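Asks: What follows is each chain in one-letter form.
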Amino acid sequence: MRVPLSWLREFTPLEAPPREIADALDQLGLEVEAVEEPGRDVAGVVVGRIVDVVPHPDADRIRLADVDFGDGTLRVVCGAPNIHPGMVAPFAPVGARLPGGLRIEKRRIRGVVSEGMLCSARELGLGDDHSGILALAPDAPLGADVREVLGLDDVVFDLSITPNRPDAMGVVGVARELAAYFGLPLEVSAPEPGEFVDEIDGTRVVVEAPDRCPRFVAMVARVTMGESPEWMQRRLRLAGMRPISNVVDVTNYVMLERCRPLHAFDLGRLAGRGVVVRLARDGEQMETLDGVVRTLTADDLLVCDADSVPQGIAGVMGGAGAEVGPATTEVLLESAYFEPSGIARTAKRLGLRSEASARFERGVDPNGTASGAQRAMDLLREVAAAQVDRRAIDEYPRPVGRPRIQVRTARVNALLGTDLSADDVRALLAPLGIAHESTGDTFTVLAPTFRPDLEREIDVVEEVARRVGLQHIPRTVPSNPEKIGGLTPAQRDRRTVVDVLVGAGHDEAYTLPLLAPADLERAGLPLDGVIEVENPLRAEESLLRPRLAPGLLRAVATNAAHGTPDVALFEIGTVFAPPAAGAVLPTEATHVAAVRSGVVRRSPHEPDRDASVHDLVAVLEAVAQELRLADWRLEAGPAPGLHPARAARVLVDGAEAGVVGEVDRDVVRALDLPVPVHLLELRLDALLGAARVARRAAPVSRFPASAVDLAFVVPEGVAAGDVQRTIRAAAGPALESVRLFDVFRSEALGAGRVSLAFSLRFRAADRTLTDEEVGALRGAVIDAVVAAHGAELRG
Amino acid sequence: MSAADLVARAESVAREGAEAIAAAGSLDALADAERRYLGRSSPLHEVREAIKTVEPAARAEVGRALSAARARLEELAAGRRTELEARARAASLVAERLDLTVGGRDYRRGHLHPVTRIWRELEDVFVGLGYRVAEGPEVELDWYNFEALNFPPGHPARAMQDTLYVRLGEPEQVLLRTHTSPVQVRVMEAQRPPIYVVAPGRVFRRDTLDARHSPVFHQIEGLAVDEGITLGDLLGTIESFVHALFGRDVRARFLPSFFPFTEPSCEFAMTCVFCEGSGCAVCSRTGWVELGGAGMVDPNVFEAVGVDPERYTGFAFGFGIDRLVQLLYGVDHVKHLWDGDVRFLRQF
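Going line by line, the protein sequences match chains A and B. Using this note's numbering, the final residue of the first sequence is 1566, and nothing's skipped along the way. Using this note's numbering, the final residue of the second sequence is 944, and nothing's skipped along the way.
These are computed hints drawn from the structure, not numbers from a lab. Being a predicted model, the structure only gives us computed values, none of them experimental. Be a bit skeptical, because a hint or two may be false.
[Stated by the list, open to error] Here chain A is said to cover these stretches of chain B; the calculated rule only asks that three of the stretch's residues, wherever they fall, bring their Cβ under 8 Å from a Cβ of chain A:
1) 701–707
2) 721–728
3) 841–853
Note that the Cβ used here is the ideal one computed from N, Cα and C, for glycine as well.
Work out the full structure: start from the sequences and follow the hints.
Replies: Quick look at the structure:
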């Protein structure tokens, strides 16, 4: 909503400087997006009349115009298509200044000297219109400064109005707020029609859908079409609207002034000279003012002629059929109150948000319809030589009364943390048009119907807060001693896991949780069961990720494309699976995934080496140790998107909790990666919910340890982790540690066989183990491994 | 030999020995010289043996000469040893030198995502103020995202948030949450007051990823419901948070606004930390940086979750985390937050 200061001053005597007014508007909740002073950069531009237009001797598109600017006539070169003799337009002679620092100089254009320039609206900083030279009113005085003529010396406040405040979509509503803020009087006229009747010389109004159109006022007048006067055009332009004709400009003027959208029909083109308001039929079509044929539904409200032929989409846009034009001699003025949510649905569905619909969908004042119509009639008399019929038709079967709201002063103070008296509260409310009906600490107020947001006590409390000013409310903090902050164990564990990954050299990435089907295909993951977005903006963002892997693999590809194929990344985030039985929402789980690609830099100390899947196994071990998982292991086996012979499932408490492995070569190829990539993806929830070893100190033995090294030859395919588990089980509590220190294959061992060498340390808590005891433990371990894995002890 | 001869002999050996010690170029050569002139086979030893052959009265003179010669050589040898040892140590230091500036080996720490850094900082500030951290699903029912928050169907405020719907349930029943406010409803359903929680989380809008927009971003929501909570408590709490995060010189400003689920509602801003309020490009010359929205919980929301609005009052607030990240770390392009480019991530 663009509000010129001069217009506000018509209703309240504002004297404060623009900066202070802008600040007041902000404090009132009418957010100021910009304060414009359009004339600040314009100097020396005057009103000129084009006396003659002749062709340019050497160019087709540009012409020469002789401009009378009061003190003489000068010739300018002009390329605009709309200039003609007699046109009155802004003329910038040599020396004039325009917005953007442009200074007019004498220029030679294609051999002809131009002594100045005729200006478009955009060149004067008046909006975006650059289609031609701005036409001024024919009666504008030649030589006058265009800043005065166009109101460029005005200040315009560009306000962002919240959806609850239709009243502030009108200059009067903004003036009311400012008058209250500055303690100034507010004077707004409320002219009423002379008489309310059912019919005006055969013109009738039939409202077939009173729920959607609770009130419809119609008035008629004979008019002389033409341009509106300069003052009206100026205000419309400053408010961001284009002048069209005197009749249309009057309807827009009243809409901007009082948030009272109006529509003028050419009465002569309304069949039966009457109006029917009804719901559309599904599939019914009509052409709107903008020349577009719209297809309607039974939820759209139409304003039709007496033959029920649509002449406008109620509250949204008029139709082409009965549009007022140069030939119009009689108008029917519609001033209606349409039900807000119906207008919002229609405007949204048609993608057609007009100045009128923006106001109707917020809720205009049902009781301002008749005076708004009369205000327009008074203006038509002034600017369109109208002969106004004093009668008005008013279809208003169920008048809307002012809501009565009980206000408890104690409640106001309890909610705001203030210490106001009942008198204070009433005095704060009065300038907003909120009258009180009773006195005492609990009293009743009457809310004005131009404020549909005032229905409940809390709504009135908000008005008190705005009037007190949020900056004047004492700032405190809640003091309940019971409130104790903190993270849950799961939230702390989640941070721990992230810290372990960072400590392991992985950089944390965030990837979009919205994926394309191709992202899953390239990552080798199945598409079935993946949750779809109903209305994605792009196909690339049409699925909810079932895994973190595709996003991280894409990040590896991005890095490789930028010349960094060697990366270690991780992500922690939500993934989505189909709803559980009986549920509507998808199953959400938190995953943590890590990828590692390319080369691990070790130079200059040692040669660089290729990243390996064991780098990620190390990360997994670190996570498992930090979380103190009681029972976890790897089980070799294929997993989607991973190299079938280099992948394992992560089992926690015997259940699958993730996968680790080398990314399948097909996937590496599909993603166009120059290097192998390794992936770990874990279901964090499964990890955090698993059995954990408590942190408890055990005594540290002061007796010496006995070291035993054992090398076993086992068939290829026996998992080292399983052998290690067998060793642990067989050795029992005396085993302090076991470490696999060598994996060895050779011709001497024979094909299909591998040597695994373990270093074991035995120690007892209470004594030095004897050689016999250690020997017995050694024997037990050997027997167990030989029996369980078909192993042979190596000499 | 006469006593005089022996004295002369001792002195000449001392001279010879002094030359040999001075000439020793290494610790080995020095040891050799010491052996020759101070050891058993030293000529001084012969002189000592020969003392017996002179008359007793002259023996003391020879003895003194011998001691002096010995003492001189020992002193010279010790001095020479110190010299040679220092030289050897200097030589070995050159050989053993390690250039530590070559850098560390085999260990590289990763980096937290900048959003995670600010996210944790925000959680920690509110934990310090006595809040717990609540969570909720990213895919939500219309009920939690809109209806229970006092956005009836067709409400114009719904149009402020361009929603992504999910192909589940009834049409437009399941959606990607457009704000973290549904967590308020879930917390109030699950727990009776007093409630003091913040809910950081991921939210979604129907937008294309570019320099300034993302279909996914992060917000943090706050909710306090208790007896006697006032609007003043809301304003003071946000001011405390701003002070905790940015320091005491930063001020908080509140302007009335509108949200369906709070009343009174406000928007809050803080002093621009770049220009300290004097106006710059970051704050569009206003001196203030918009942070988010807040207000007193609307009684309709309390009724939707069965909390008695006459007994309890509450406040709620919410603001964008990504915007803070952009401000604090100077990130000009939100796309950087999402493409996993290590050239970006390793800067934090």
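Asks: Check each numbered hint from earlier against the structure, then list the numbers of those it violates in ascending order.
Replies: Checked against the structure, no hint fails, so every one of them is satisfied.
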